[in-house]
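Visitor: Start from the sequences, fold in the hints, and give me the full structure.
For reference, the chains in residue letters:
Number of protein chains: 2
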Amino acid sequence: MHSLILSADVGGTNMRTALLNVKGEVLKGLKRPSMAHKGREALIKRLVQMFQDTLREGGADIRKIRGIGVGFPGPLDTERGIVFNPPNLKGWEEVHLRDILEQEMGRPVVLENDANAAALGEYWKGAGKGTRSLVCLTLGTGVGGGVVLEGRVWHGAKGIAGEIGHMTLVKNGRRCGCGNRGCLETYGSASGIITTMKGLLERHHIKPKEAITLERMGKWARAGDSLTRRAIRETGVNLGVGIANVANLLNPEMIVLSGGVTNLGGYLFGPLREEVKKRALPKAVEGLKIVRAELGDNAGVIGAARALLLTVAQGRNG
Amino acid sequence: MHSLILSADVGGTNMRTALLNVKGEVLKGLKRPSMAHKGREALIKRLVQMFQDTLREGGADIRKIRGIGVGFPGPLDTERGIVFNPPNLKGWEEVHLRDILEQEMGRPVVLENDANAAALGEYWKGAGKGTRSLVCLTLGTGVGGGVVLEGRVWHGAKGIAGEIGHMTLVKNGRRCGCGNRGCLETYGSASGIITTMKGLLERHHIKPKEAITLERMGKWARAGDSLTRRAIRETGVNLGVGIANVANLLNPEMIVLSGGVTNLGGYLFGPLREEVKKRALPKAVEGLKIVRAELGDNAGVIGAARALLLTVAQGRNG
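In the order they appear, the protein sequences are chains A and B. With my numbering, the residue at position 300 of the first sequence is 300, and numbering never jumps. With my numbering, the residue at position 68 of the second sequence is 68, and numbering never jumps.
Possibly wrong hints are sitting among the right ones.
Computed beta-carbon distance windows for the label pairs [what the hints assert, rightly or not]:
#1 B/Glu-104 with A/Gly-266: 52 to 60 Å
#2 B/Ala-223 with A/Gly-91: 54 to 62 Å
#3 A/Glu-79 with B/Ile-206: 28 to 36 Å
#4 B/His-96 with A/Asp-225: 41 to 49 Å
#5 B/Asn-85 with A/Arg-32: 31 to 39 Å
#6 B/Glu-150 with A/Glu-286: 34 to 42 Å
DSS-like cross-link-like pairs, simulated, lysine-lysine; straight-line CA separation at most 25 Å [to be verified]:
#7 A/Lys-171 with B/Lys-289
#8 B/Lys-289 with A/Lys-158
#9 A/Lys-158 with B/Lys-277
#10 B/Lys-289 with A/Lys-198
#11 B/Lys-198 with B/Lys-129
#12 B/Lys-64 with A/Lys-289
#13 B/Lys-171 with A/Lys-278
#14 B/Lys-158 with B/Lys-23
#15 B/Lys-23 with B/Lys-90
#16 B/Lys-207 with A/Lys-171
#17 B/Lys-171 with A/Lys-277
#18 A/Lys-277 with B/Lys-38
Hints in this document: simulated from the structure, not taken from any laboratory. Glycine included, C-beta positions come from ideal geometry on N, C-alpha and C.
Guide: Below you can see the structure in the form of C-alpha cells.
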C-alpha cells in the first residue's frame, strides 16, 4: 500500500524534492530556488508546496506515501527531528522541522544531515552500490562528509559524526570558518583550491587576467598551465593526507568524492590517490576504491528517501 | 552449561591468560613471559600450557568453557582467524592461529587485534561501562587504537580500522616505523615523548645526567622542571589534535587513554583536553568524556573474552 516515498534535499541556494519508489528510482523530481533570505516560515511553506506539486505532477496520492525523507544542512538532532542554526540559513535556531512537516503533510518524516543523505544515496544507488562501508566527501563551497557503515549512517553521540572537512591538516594553517586552523576544508573546498591558486600566482608575481574560478582552473589545467596544475596537485595531496587518515581509522571499502572540485578529474585524483597510498597502512589501502560520485545532484533526495526507509522499517511509523 | 570463558592477551614481551565468567569477572589470571624469540611453535605450546594451567588453578573443567578469546598483535584477519606477520613477532607470516588453537583445545576460538580487545574490555567492564561508543588509544611503545560502536569493534573492510597511531599529524614530520612521516605515534608514544624531551634539552644545550625514561619525566615534572613540563605539554597538544580529528569524524561518547604515557597525569591531560576543545566542533566536544583506562593490564583478556561472547552469540559455535 505505502509503496512510494517523498523526499527533499534543502540547501542554502536550491531545494529539490522527489517522488521515489521503494527501490530508490526517482519517478518525479523538482528543483526550485530556496530563497532562504525570505526566512524560515516562507521556506517551509515553499517546501510543502513543492511536495504537493511533486505528488500532483507524479500522479501520486499522499495515501500511497510511506513517509518523507528530508536532507537538511546540519547540525541536526536526527532522532528528535530538530534543526540547529545551520551556518548558511538564518533564523533556524532549534526548529522542530520534523514535527512541523508531519503536521503539514500527515505522513511520517525523517530528517537527515545533507552530507549524510548524499553519502547514503551513493551507498544505496550510486558509486557505492554493493559495498558494505564507505566515506563520502563533498568538495563544494565547504567540505562535507558522511560515514556509512554496514548500510547505515554513523551519526555519533551528538549527530555530528562525519565532519571530515574539519580535520586539522596543518596545525597552524589557514583560518577556518569553524574557528579552528588548518582544517581540510580550507584546502580541499572550492574556495580552498582558489586560495592556493592565488597564492601561487602571487608568489610568481602574476596578475590573473580574469577572476579565478573552478571552471577556469579546469580549462587552464587542460591547456597545460603548470601553475594551475601545481595548485590542483597540492590540493590533491592535501585531500590525500586527510583520506589516508580516514582509511587508517575506519578502513572503509570505498571513498566517494563529489562536488564541483571533482570536475578537475585526473589532475586532482592522480596525486590524491598517490598520497593515500604513500601514507596509509598497506592493509588500509588494499582494495580501497577512491571514486567519483555517480548520482550528481540526485544523491541527496535518493539518500533522504533511504533514510526514511531505514527509520520507518526500524519502528517509527505513521 | 558453558558458563565460563578462557581468554588470552599475547604481546611481544608478556602473555596473559584468564578464566572468566560470562559477566566478565576474572576468576583466575596468569602472566608469563612470551619468549617470542624462541619462535612461533614454542609460543603456541606455552600458550596452550597456560590455558591448561589456568583451568587447573581456577578449578574449572574444559567442558564448562564456552570458548576462548585471544587478543593478538595485528594485522589479523579476525573472520578467518589468521595472523599476518606482526611487527614485533618474528616468523608469524600467515598463521592460522584460530584453527591451531581450536584443534589443541577442542573449543571455539576467536581472535581479536590486541588494541581492539583492550578497547572492548574498557567498553564492557572499564571506563566505558554504560557508553554506546568509544575510541581507545593505547599510548605505549607505539600508539594503538580501537573503535567500539554500539558495543562492537569496528574492524573495517580489511580488519585494519582503528589505526589512530598512524594518523598524519605533521605532513613532513618525524619518520615513523610504518614508512610514513609525522604519524601521531611518533609524537604520542613513549619513545615519541622522550624524543621530544631530548630535542628540547639539546636546543637548550643541556646534557641529561641520567637516561630519559617516562618514569623520570613524571618525577621531574612533579618536581617542577619546566622543560619536562613543556615536553609533556607539547605531547598533550599533539594528542589533542589527533583526538579532535577523531571526535569530528566519529563523534564518540568517550575517548579512553591507556598505556604508560597516561601516568603523566594532569601535565598531559590538561593541555590535551584544552586542544581538543579548541579544535573540534562544539557538537563533537559536547559531553565528550576523555578519561584514563580503568582495567590496566586486564583490559586485553577481558576484551578478548567479550569478543568471544559476541562472536559465539552471533552464530559461530563449538
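Visitor: Does each hint fit the structure? Answer for all of them.
Guide: Verification of the supplied hints:
| no. | hint | result |
| --- | --- | --- |
| 1 | B/Glu-104 with A/Gly-266: 52 to 60 Å | 53 Å, holds |
| 2 | B/Ala-223 with A/Gly-91: 54 to 62 Å | 56 Å, holds |
| 3 | A/Glu-79 with B/Ile-206: 28 to 36 Å | 55 Å, violated |
| 4 | B/His-96 with A/Asp-225: 41 to 49 Å | 55 Å, violated |
| 5 | B/Asn-85 with A/Arg-32: 31 to 39 Å | 58 Å, violated |
| 6 | B/Glu-150 with A/Glu-286: 34 to 42 Å | 26 Å, violated |
| 7 | A/Lys-171 with B/Lys-289 | 23 Å, holds |
| 8 | B/Lys-289 with A/Lys-158 | 13 Å, holds |
| 9 | A/Lys-158 with B/Lys-277 | 15 Å, holds |
| 10 | B/Lys-289 with A/Lys-198 | 41 Å, violated |
| 11 | B/Lys-198 with B/Lys-129 | 38 Å, violated |
| 12 | B/Lys-64 with A/Lys-289 | 45 Å, violated |
| 13 | B/Lys-171 with A/Lys-278 | 12 Å, holds |
| 14 | B/Lys-158 with B/Lys-23 | 30 Å, violated |
| 15 | B/Lys-23 with B/Lys-90 | 35 Å, violated |
| 16 | B/Lys-207 with A/Lys-171 | 30 Å, violated |
| 17 | B/Lys-171 with A/Lys-277 | 14 Å, holds |
| 18 | A/Lys-277 with B/Lys-38 | 35 Å, violated |
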